[in-house]
Every structure is written in structure tokens, then in C-alpha cells.
Amino acid sequence: MKSISLGQYYAVDSPIHRLDPRIKIVLAVLYIVIVFLCSNIASMALLLVSALVIVLASNIPIKIVLKSVKPILFIIAFTAIINIFWTKGEGAPLLDLGFIQIYSKGIVNAIFLVTRIFVLIVGSSILLTYTTTPISLTDGIERLLGPLKKIGLPVHDFAMIMTIALRFIPTLMEEADKIMNAQKARGADFTNGSLIQRAKALIPILIPLFSSSIRHALDLATAMECRCYRGGEGRTRMKILKCRASDILALVAVIAFGVAIVCINIFAAPYLPF
Amino acid sequence: MAKIKLENVSFFYGKGTAYCKEALKNVNIEIKEGSITGLIGHTGSGKSTMLQLLNGLSTPGEGKVYLDGVDIWEKPKEIGKVRYRVGLVMQYPEYQLFEETVEKDIAFGPKNMGLSNEEISERIREAIDFVGLSPDVLQKNPFDLSGGQKRRVAIAGVIAMRPEVLVLDEPAAGLDPQGRDVILDGVFKYREKTGATIIIVSHSMEDMARLCDDIIVLSHGEVVLHGTRDEVFSESQMLERIGLAVPQITLLMHELSARGIKVNNGIYTESAAVEEIARLMKGTK
Amino acid sequence: MVNSDSYIKIENLSISYEEDDGGRTSVLKNISLDIKKGEYLAVLGHNGSGKSTLAKLLNMILEPDEGKIYIDGKEITDPNMTEDDVFELRKKVGMVFQNPDNQLVATIVEDDVAFGPENLGIPSAEIRERVDEALRVVGMSEHAKGEPARLSGGQKQRIAIAGILAMKPDCMIFDESTAMLDPLGRRDIMNTIEKLNREHGITIIMITHYMDEAARANRIVVLDDGEILMDGTPAEIFEKQDKLRECGLDVPQCVGLVHSLKARGINIEGECHTPAACAEAIIAALNKRDGKN
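These protein sequence lines are chains A, B and C, in that order.
Residue 43 in our numbering sits at position 43 of the first sequence; the count goes up by one each step and never skips.
Residue 118 in our numbering sits at position 118 of the second sequence; the count goes up by one each step and never skips.
Residue 51 in our numbering sits at position 51 of the third sequence; the count goes up by one each step and never skips.
It should be emphasised that the hints constitute simulated quantities derived from the structure, not laboratory data.
It cannot be assumed that every hint is accurate.
[As the list claims (entries may be wrong)] Straight line, CA to CA, 20 Å or less: simulated DMTMM-like cross-link-like pairs of lysine to aspartate or glutamate:
{"#": "1", "chain 1": "C", "residue 1": "K168", "chain 2": "C", "residue 2": "E199"}
{"#": "2", "chain 1": "C", "residue 1": "K92", "chain 2": "A", "residue 2": "E225"}
{"#": "3", "chain 1": "A", "residue 1": "K239", "chain 2": "C", "residue 2": "D132"}
{"#": "4", "chain 1": "B", "residue 1": "K140", "chain 2": "C", "residue 2": "E19"}
{"#": "5", "chain 1": "B", "residue 1": "K77", "chain 2": "A", "residue 2": "D189"}
{"#": "6", "chain 1": "C", "residue 1": "K91", "chain 2": "C", "residue 2": "D72"}
{"#": "7", "chain 1": "B", "residue 1": "K21", "chain 2": "A", "residue 2": "E174"}
{"#": "8", "chain 1": "A", "residue 1": "K239", "chain 2": "C", "residue 2": "E129"}
{"#": "9", "chain 1": "C", "residue 1": "K262", "chain 2": "B", "residue 2": "E270"}
{"#": "10", "chain 1": "C", "residue 1": "K91", "chain 2": "A", "residue 2": "E233"}
{"#": "11", "chain 1": "C", "residue 1": "K56", "chain 2": "A", "residue 2": "D219"}
{"#": "12", "chain 1": "C", "residue 1": "K37", "chain 2": "C", "residue 2": "D170"}
{"#": "13", "chain 1": "B", "residue 1": "K140", "chain 2": "C", "residue 2": "D20"}
{"#": "14", "chain 1": "A", "residue 1": "K239", "chain 2": "C", "residue 2": "E142"}
{"#": "15", "chain 1": "B", "residue 1": "K189", "chain 2": "B", "residue 2": "E122"}
{"#": "16", "chain 1": "A", "residue 1": "K200", "chain 2": "B", "residue 2": "E99"}
{"#": "17", "chain 1": "A", "residue 1": "K178", "chain 2": "B", "residue 2": "E94"}
{"#": "18", "chain 1": "C", "residue 1": "K145", "chain 2": "A", "residue 2": "D177"}
{"#": "19", "chain 1": "C", "residue 1": "K56", "chain 2": "C", "residue 2": "E88"}
{"#": "20", "chain 1": "C", "residue 1": "K92", "chain 2": "C", "residue 2": "D78"}
{"#": "21", "chain 1": "C", "residue 1": "K56", "chain 2": "C", "residue 2": "E18"}
{"#": "22", "chain 1": "B", "residue 1": "K21", "chain 2": "A", "residue 2": "D177"}
{"#": "23", "chain 1": "B", "residue 1": "K21", "chain 2": "B", "residue 2": "E222"}
{"#": "24", "chain 1": "A", "residue 1": "K200", "chain 2": "A", "residue 2": "D219"}
{"#": "25", "chain 1": "A", "residue 1": "K239", "chain 2": "C", "residue 2": "E147"}
{"#": "26", "chain 1": "B", "residue 1": "K282", "chain 2": "C", "residue 2": "E269"}
{"#": "27", "chain 1": "B", "residue 1": "K32", "chain 2": "B", "residue 2": "E7"}
{"#": "28", "chain 1": "B", "residue 1": "K140", "chain 2": "C", "residue 2": "E18"}
{"#": "29", "chain 1": "B", "residue 1": "K104", "chain 2": "B", "residue 2": "D129"}
{"#": "30", "chain 1": "B", "residue 1": "K81", "chain 2": "A", "residue 2": "D189"}
{"#": "31", "chain 1": "C", "residue 1": "K288", "chain 2": "B", "residue 2": "E7"}
{"#": "32", "chain 1": "C", "residue 1": "K240", "chain 2": "B", "residue 2": "E7"}
{"#": "33", "chain 1": "B", "residue 1": "K111", "chain 2": "A", "residue 2": "D13"}
{"#": "34", "chain 1": "C", "residue 1": "K145", "chain 2": "C", "residue 2": "D170"}
{"#": "35", "chain 1": "B", "residue 1": "K32", "chain 2": "B", "residue 2": "D71"}
[Unchecked claim] A few chain B positions that, by computed beta-carbon distances, are all more than 12 Å from chain A:
{"#": "36", "residue": "W73"}
{"#": "37", "residue": "Q96"}
{"#": "38", "residue": "E235"}
{"#": "39", "residue": "A278"}
Cβ atoms here follow ideal geometry from the backbone N, Cα and C, with glycine treated the same way.
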């Protein structure tokens with residue numbers, strides 16, 4: 001059996017891990033807004049410091065955190081280059097290659113952009129996926145969106161679907177692996193041939209996988225019914241989410257940080273070069 | 001010469017990660033041509049890993065797997081041919097069926113082998129005969145069959161490749177006694193008619209006692225016993241210690257011994273037990 | 001048996017399903033059965049004998065064509081039953097299925113066990129108590145925070161049992177719940193079932209085709225082609241070895257042994273369906289021969 005760990009959840013204990021998932025979702029949204037508010041060198045510097053504080057508070061090794069940035073390194077590099085080459089600044093360009101000019105504003109823009117994306121990914125993944133299990137994240141979303149039930153949105157059903165999907169991903173992955181091996185044992189070849197041949201070769205995997213998903217779904221529906229499930233109405237929960245002092249504190253800290261950034265934007269800007 | 005030989009085979013899962021687990025440790029076994037060898041061990045003992053090494057679905061981390069004295073990974077590009085020669089029936093094989101008709105599904109393997117249509121239809125008929133299905137199921141949709149029938153179709157799909165070695169991972173799991181007998185008889189018939197080597201995994205010691213010539217016992221990735229059926233069952237205490245279900249008859253002998261009656265603890269078949277108890281009743285205590 | 005009140009009463013139950021060609025195949029034919037409170041009943045039969053259909057009827061997943069089923073004095077086959085009535089009845093009769101993977105809803109063990117009680121609308125603190133207790137009974141407390149995906153089949157099945165137990169049912173139906181497990185897992189589940197019956201007074205209906213499992217019940221009903229072929233204690237049932245074999249079932253090896261001995265003129269008397277009981281019976285026979293008692 002393969003060990004499949006879902007998402008990026010990193011199981012250690014930290015003040016951030018212990019926060020209420022609803023608060024974490026709110027914090028993540030606030031933080032994203034703040035990231036976009038930063039517009040000068042001082043606020044950017046403060047933003048980087050805040051990201052470092054979050055990483056340290058989460059007890060997650062920096063190495064692991066940097067891994068999450070790896071897949072989008074290409075996109076970051078690409079946007080940085082576009083910014084450097086295509087931003088037209090005032091005055092003389094720093095470098096003139098004839099067909100292209102590089103202005104100092106372009107470089108500054110690129111640095112700001114890279115910092116923003118970097119902090120955005122690190123901050124939100126630490127606040128959400130690294131420190132919150134998918135299930136409590138779903139739970140948090142359900143409860144945050146709770147008020148929308150009143151206007152008839154199926155919030156509970158959506159959360160239940162998410163929960164079950166999360167629950168069955170490892171099962172179906174294992175199953176796909178087994179089916180693939182079974183067909184390989186009958187001579188199926190998934191690696192050679194043209195694109196069309198390879199797509200065709202997937203049919204012997206997809207059909208059994210599809211039928212087994214349906215089987216799982218039917219059985220699960222029966223089992224849920226036997227366990228008296230009839231939707232969200234009248235349902236209670238074992239784990240009640242509670243906002244504790246630490247949650248409030250975190251919220252206040254992030255809001256205060258946002259205010260600080262706005263102040264720097266307004267009052268410090270005239271004295272800064274960028 | 002041994003049909004299959006594993007030499008110093010080790011296998012790791014998730015090598016290089018924190019989850020690295022050694023599934024097989026330095027396994028050395030030889031399997032005789034034409035024999036039925038039972039492979040037993042509790043869940044996680046490395047049985048399934050071992051089966052997947054035999055037909056090249058997995059590559060050994062260390063060591064070599066030989067088929068007729070030739071390293072199966074000598075020409076990695078030709079591993080597909082090894083898979084036709086060593087047919088593997090996985091656990092709950094009915095979940096791999098995908099074609100619209102039983103006939104097409106059984107034909108999947110032979111078609112991949114590039115056989116002619118006549119050859120394929122001959123093999124299909126032969127295969128369903130081994131598993132005790134009648135030809136009129138051929139045009140049915142496999143999804144309309146009963147669970148036991150689907151299982152037999154899936155096994156026929158491997159038999160139709162006429163493998164020299166037929167490997168089955170718990171072919172009777174979850175079936176009732178009748179369903180189990182049909183499949184095990186079919187496997188036995190296949191060996192009798194083709195002289196193929198059979199390797200079979202089962203949790204049922206009763207089935208093993210009935211079917212196998214040799215038995216291999218795996219525990220925590222290591223071969224702890226490998227010998228003839230008699231040799232292995234005489235170690236029933238060891239089997240129990242590593243958490244395997246010994247036949248009820250053997251348990252009865254243990255119960256008698258524990259109550260101070262002198263009996264042979266290695267008995268595992270009903271007929272031997274009848275003789276033993278008849279002897280007991282004739283003799284004095 | 002705790003008392004002799006009938007808990008589940010089945011009267012002249014029949015069900016059939018429609019074939020592709022429009023004809024009907026009957027699955028259960030005019031079955032009547034009385035199951036007492038606290039009873040440990042095994043329903044034996046080969047695949048397709050109708051035993052799983054019976055379970056589905058008891059849990060109102062299917063509706064019969066004819067006949068009535070009463071649970072705890074209430075008719076569950078009444079067409080005027082409201083959704084709330086169904087809810088109340090499902091609370092009393094819990095069901096554990098064959099594939100443990102298809103019964104677990106949540107990604108954390110204790111959350112899954114809590115699923116049933118949550119549906120019942122029980123206050124949070126009490127759910128906590130029930131979940132902890134249920135996990136303790138099935139011996140899975142240490143895995144409370146674990147992920148089901150990382151557990152063995154037998155462990156998953158014990159979680160499924162805990163999930164039903166936390167709803168505090170009177171009766172539990174096991175629909176071939178050991179069929180996909182290895183011997184260790186099977187043994188764990190069988191021991192758990194026995195514990196539920198003995199220590200918690202839960203009525204057990206166990207559907208199986210394993211003889212050694214059925215041998216542990218106090219009563220066995222053998223179904224064959226939708227009809228009740230036999231109904232009695234394990235000793236009474238295994239007595240009729242030939243009849244069992246006819247309908248595609250085995251007898252436990254020890255019982256087979258005693259039959260073969262009888263054919264050789266050696267009589268072993270008493271219950272012989274477990275190795276320990278059989279050993280006692282053989283010793284009794286030896287003593288009898290020696291003129292001891």
C-alpha cells in the first residue's frame with residue numbers, strides 16, 4: 001500500500017494549528033487583502049517580516065514551506081521577467097538594448113510582484129492547508145457559510161460532498177493502482193504508442209474505476225441512510241467550534257497589521273524612494 | 001530446475017522518504033515446475049508484494065527474480081512477455097472487468113499478445129471450461145453476472161493467456177463454499193492439463209491443506225517456513241504464533257494434547273484425524 | 001437469552017424482483033421467523049440464497065411484496081409509516097455491511113463514529129461520551145484521532161461497529177461483515193460481536209456463509225433458495241450434515257470428523273462444533289469406554 005497524505009497538512013502542534021478553522025479562513029482572506037495593499041518599500045519589508053513571523057509561529061520547517069513555492073517558481077519567474085521588460089518608466093532607461101529597454105521602475109515592480117506572490121502563497125498555505133486538516137477546513141467553511149442556509153443555499157450538502165470526496169480520494173487512488181496493475185498483468189501498455197493509442201489504453205482502467213466509484217457511492221448511501229442520515233436538518237455536532245481568546249488575539253493582531261500597512265502607505269510614502 | 005527463483009530479493013516502499021518500509025527482506029525461494037505452492041501470511045506480510053515481483057509489475061529493490069533460469073529484468077523492454085508467461089489474478093479480480101461482453105473481456109489478454117482470432121476464440125472456450133462457465137455466458141454483459149460468476153470470468157481472462165505460471169491472490173475470498181470449490185477445482189484442472197506451475201495465496205488453511213504441494217509462510221517480509229505441506233503444518237504452533245488460522249482439525253489435536261491425550265499435533269486433514277482418533281479409541285489411555 | 005419476548009417478528013414474507021425479460025424471480029418465499037430479544041442468531045446460506053435481501057428488508061432498504069415485519073411491536077412494513085417512524089426504527093436496528101470502506105464517512109475515526117449520533121440530534125457532550133465508550137468497547141480508543149485509510153480491514157470494520165454502537169441500538173445486523181477480512185480481522189470481529197451480545201445485551205443477527213462463525217451463535221437459520229430450510233441450535237443444524245452439503249454449505253471440520261467417526265462405528269456424543277467442545281466430547285467418549293464417568 002502506498003502512503004498517501006492528503007493535501008499538505010503538516011502534523012505538528014503550534015499556536016496556528018490550534019486556531020479555530022473559521023478564524024483561520026477569515027485571517028487568510030484578510031491577509032490576502034493586506035498583501036495587495038502593500039505598495040511601497042517599507043510596507044513590503046513589513047510584509048516579509050510578517051510572513052517570517054507566521055512561518056516561525058507555525059512550527060513548520062522553512063524547507064517544507066519553500067517546497068510549496070517550488071511548483072509556481074516558473075510562473076513567478078515569468079511574471080518577473082515580463083515586468084522587467086515591459087514596464088515603461090520615466091527618464092532614461094537603465095539599460096537600452098535597442099529593441100528593449102529596462103527601467104528601474106520595472107525592476108522595482110518585478111521585486112514587488114515576486115514578494116507579493118511569494119508572501120501570498122506562503123501566508124495562505126500556512127494559515128490554511130499546512131495547519132488545518134482538510135476536514136476541519138470543510139467544517140470551517142460550512143459554519144462560516146452557515147448564514148447562507150437561510151437564503152436556501154445547500155451549504156450543508158456542499159460540505160458533506162466535500163467531506164466524502166476527501167474521504168474517498170485515498171480509496172479510489174488505491175483502487176486505480178490495483179486496476180492498472182491488473183490490466184498490465186493482462187498485457188495492457190500505458191506507456192508506448194501514439195497519443196490516441198495511449199488514451200484508448202486508459203479505457204480498461206476508467207471503466208472499472210467508474211463502476212467501482214458508483215458501487216462505493218451506492219453502498220455508502222445505503223450505509224448513511226442506515227445510520228439515520230437525512231440531511232443537515234436536526235443534526236448536531238460532536239465537536240463544537242469555539243472562539244477562544246487566542247483566536248480573538250490573532251484576529252486583532254492581523255487587523256492591527258493591516259492598519260499599520262495602510263498608515264505606512266499613506267504617511268510614509270512621500271519620504272520613500274519607491 | 002526451478003521454474004521460479006527469487007535470489008536475495010528485497011523490496012522497499014517509499015524509498016528515500018520518511019515512510020520507507022521494507023516489504024520484503026532478503027527472500028530466497030525456489031518454486032518447482034508443475035507444483036502448486038501456497039503462499040500464506042497475515043495482512044502486510046509481503047504476500048502481495050511478492051506476487052507483483054513474480055510477473056514484473058514491481059521491480060525488486062535488491063536481488064533477482066528468475067523465470068526458467070533467466071533474470072526477468074535482463075531485457076526490461078520485454079517485461080510484457082514475462083507477464084504473459086506468469087499470469088497474475090489479483091485480489092477481487094471481478095473489479096477489473098470492463099468490456100461489454102464476457103467474450104471480449106476474456107479476449108483482452110490474448111489480443112494484447114497479438115494472437116489470431118481463431119486462436120483467441122479457441123482459448124476463450126478452453127478458459128471458460130476450466131472455470132466451469134457455460135458458453136452461453138460469453139455474449140452476456142459481465143456486469144449482469146453474479147459476483148461468483150464475475151470472479152470466474154476474470155480468472156478465465158488470465159487463463160486464456162495460457163500462462164506457464166498461474167499466480168492467484170486469494171481467488172476464493174468472500175465466496176461461499178460452492179463458489180470456492182468451483183474455482184479451486186478449476187485451478188487444479190488447469191495444472192493437471194497444462195502442467196503449469198501454480199502459486200496461490202489464501203487465508204484458508206483448509207484450502208491450502210487440500211490443494212497445495214508446497215507452502216511458503218511469510219511474516220513481516222521474511223520467509224519463515226518453506227516446505228512440503230506436511231512439513232509446514234507440523235509447525236502449527238509457529239503458524240498460530242504468527243497469527244495464522246490453522247485448520248480446525250489441527251486445533252482439535254492441540255486441544256486434546258492440552259488435556260493430556262497423546263495425539264499427533266501435526267494432523268491437518270479429516271481422514272488423518274479419523275485414523276488418529278480410531279487408534280486412540282482402540283488403544284488404552 | 002435475556003427474556004423470551006419476540007423482538008423481531010416476520011410473517012409470511014415474500015419478495016421478488018423483475019427480470020430483464022419481464023418475468024419475476026422470487027428471492028424470499030413466504031418466510032416466517034421470530035427473533036427474540038437478546039438472541040444471537042446466524043443466518044446461513046450460499047450466495048444468492050436470499051440472506052442479504054432479508055437484512056435489507058429488516059432495515060427498510062427494501063419493501064416486501066407480501067407479508068409483515070414487526071420490530072419491537074411496531075409494524076415496519078406498514079405503508080402509512082412516516083419518515084419519522086423510519087428514522088425511529090433505524091435507530092433501533094443498526095447494520096454493519098461487508099465492505100468497511102463503503103461505510104465510513106469521515107476522514108477521522110472519532111468523527112466517523114460520531115456521524116450516527118449527530119444525525120440523531122444528540123447534544124454534543126453526550127455524543128462525546130458515546131463515541132469514547134463505543135471506541136472503548138471495540139478496542140479502538142487509541143486510534144480515535146487516526147485516519148480510517150491507514151487502518152487494516154478488521155480495524156475499519158470495528159470502527160463501523162462503533163459507529164452503530166454509538167447510536168445505542170437494540171439489535172445489530174451483520175451482513176457478511178467478515179467476508180473481506182483476514183483471519184485475524186475475522187477473529188476480532190467475531191469476538192466483538194460476541195461481546196456485544198453477552199455484555200451489552202444487543203440482539204445479533206449475523207448473516208454469513210462461514211460455518212465456524214455460525215457455530216458461535218445460539219441459533220442458526222439456514223436459508224436455501226429463499227426458503228427456511230432449517231432452524232435450530234448449532235448442534236441441531238450440524239447434525240444434518242448431508243442436508244447442509246446439498247445446499248452448498250460445509251459443516252465445521254470437527255463436526256465432519258465426528259460424522260466420519262460414526263461411519264467407522266465410533267460414537268462421539270455431545271456438541272462438537274468447536275475444537276474445544278469436540279476435544280471434551282472425545283475425552284468423554286474415552287472415559288465412557290474406560291467405564292469412568
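* Asked: If you draw a straight line from the CA of K288 (chain C) to the CA of E7 (chain B), is it 20 Å or shorter?
  -> violated, 57 Å
* Quickly compare the C-alpha distance for K56 (chain C) and D219 (chain A) to 20 Å and report which way the hint goes. => Holds: K56 (chain C) and D219 (chain A) sit about 12 Å apart, inside 20 Å.
* Holds or violated: are the alpha carbons of K239 (chain A) and D132 (chain C) at most 20 Å from each other? -> Holds, at roughly 13 Å.
* CA of K111 (chain B) to CA of D13 (chain A), is that 20 Å or under? -> violated, 55 Å
* Satisfaction of hint between E222 (chain B) and K21 (chain B), Cα-Cα up to 20 Å -> Satisfied, since the Cα-Cα distance of roughly 13 Å is no more than 20 Å.
* Distance restraint between K200 (chain A) and D219 (chain A), which requires alpha-carbon spacing of 20 Å or less -> violated, 30 Å
* Asked: Taking only the CA atoms, is the gap from K21 (chain B) to D177 (chain A) under or equal to 20 Å?
  -> Judged against 20 Å, a Cα distance of about 18 Å means the pair holds.
* To do: Take the C-alpha atoms of K168 (chain C) and E199 (chain C), compute the straight-line distance between them, and say whether it is at most 20 Å.
  => Distance of about 14 Å is within 20 Å: holds.
* Least C-beta distance between W73 (chain B) and chain A, which was stated to exceed 12 Å -> holds, 15 Å
* **20 Å Cα cutoff - pair K239 (chain A), E142 (chain C)** => holds, 18 Å
* Asked: Given the proposed pairing of K32 (chain B) with E7 (chain B), does the C-alpha separation stay at or below 20 Å?
  -> Cα-Cα ~15 Å, so holds.
* If you draw a straight line from the CA of K145 (chain C) to the CA of D177 (chain A), is it 20 Å or shorter? -> violated, 27 Å
The structure is inconsistent with the numbered hints 18, 24, 31, 32, 33, 34, 37, although it conforms to all the rest.
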